[in-house]
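2 protein chains.
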Amino acid sequence: MPVELDTVFQALADPYRRAMVSRLVEGGPASMKELAAPFDLGLPSTLKHLKVLENGGIISSVKEGRVRTFSVREDGLNTLRTWLDAHQRHLETGFDRLAAAMAANPEDLSDGE
Amino acid sequence: MPVELDTVFQALADPYRRAMVSRLVEGGPASMKELAAPFDLGLPSTLKHLKVLENGGIISSVKEGRVRTFSVREDGLNTLRTWLDAHQRHLETGFDRLAAAMAANPEDLSDGE
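Chains A and B are the protein sequences, given in the same order.
Using the working numbering, read the first sequence as starting at 122 and increasing by one per residue.
Using the working numbering, read the second sequence as starting at 122 and increasing by one per residue.
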């Protein structure tokens with residue numbers, strides 16, 4: 122099931138959620154309590170944020186006994202990467218072409234060199 | 122003035138706004154009317170979406186006479202790129218380290234290291 126870009130961008134549009142992703146990326150898998158600890162957030166809010174990240178395909182969780190452990194999925198940021206790469210490559214090509222055109226015909230520039 | 126990540130992610134969390142960015146990236150600068158044309162969107166809604174993209178630092182506009190022309194900023198996706206690169210690099214390193222640890226000590230797999 123492909124994750125919708127809307128859901129991915131929306132999931133990362135919140136500073137708490139990005140901080141949780143950073144924590145998981147840097148520190149490895151963690152429980153909800155560990156993820157809530159650095160913030161002034163109750164466990165219900167923390168769980169809500171984690172669910173948004175999980176629905177966005179960015180993190181996953183496994184429950185062992187009474188503890189659920191969250192981690193960033195290896196492919197969790199791939200949807201975002203694919204969108205960004207396609208657009209930024211196109212963008213760079215466009216600006217390179219513009220720069221080349223400007224270099225070839227400097228007199229066409231109203232404020233050229 | 123650095124653009125907030127919240128604003129950037131929020132700006133790109135909408136399919137119309139992403140489609141407008143794609144159109145500008147692929148087809149170059151365009152007027153509001155040209156940007157509204159492919160969609161079932163009125164000009165006021167189109168303008169609202171374009172303002173969100175402009176506030177997110179993704180596009181810019183110049184007004185000449187009565188026509189305002191929108192284009193993607195050359196650095197418009199850099200904030201997103203920086204965030205993604207930092208996190209994905211860390212993520213890949215983490216998974217590489219895990220894979221190396223697993224290859225070195227396959228019998229330790231049940232409890233990590």
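Hints are supplied without guarantee of correctness; some may be wrong.
No copy labels: a pair is met if it fits in one copy or bridges any two.
No more than 20 Å apart at the CA atoms, straight line, and that leaves these computed lysine to aspartate or glutamate pairs for EDC-like [said to hold, decoys possible]:
#1 LYS172 with ASP206
#2 LYS184 with GLU195
#3 LYS154 with GLU185
#4 LYS169 with ASP217
What the hints contain is simulated information worked out from the structure, not anything from laboratory work.
A quick look at each hint next to the structure:
1. LYS172 with ASP206: neither (27 Å within a copy, 24 Å between copies)
2. LYS184 with GLU195: This pair counts as within: shortest intra-copy Cα distance 18 Å, inter-copy 45 Å.
3. LYS154 with GLU185: Result: close within a single copy only, 15 Å intra versus 56 Å inter.
4. LYS169 with ASP217: For LYS169 and ASP217, the Cα distance exceeds 20 Å both inside one copy (44 Å) and across copies (30 Å).
Hints 1 and 4 from the list above are not met by this structure, while the remaining hints are.
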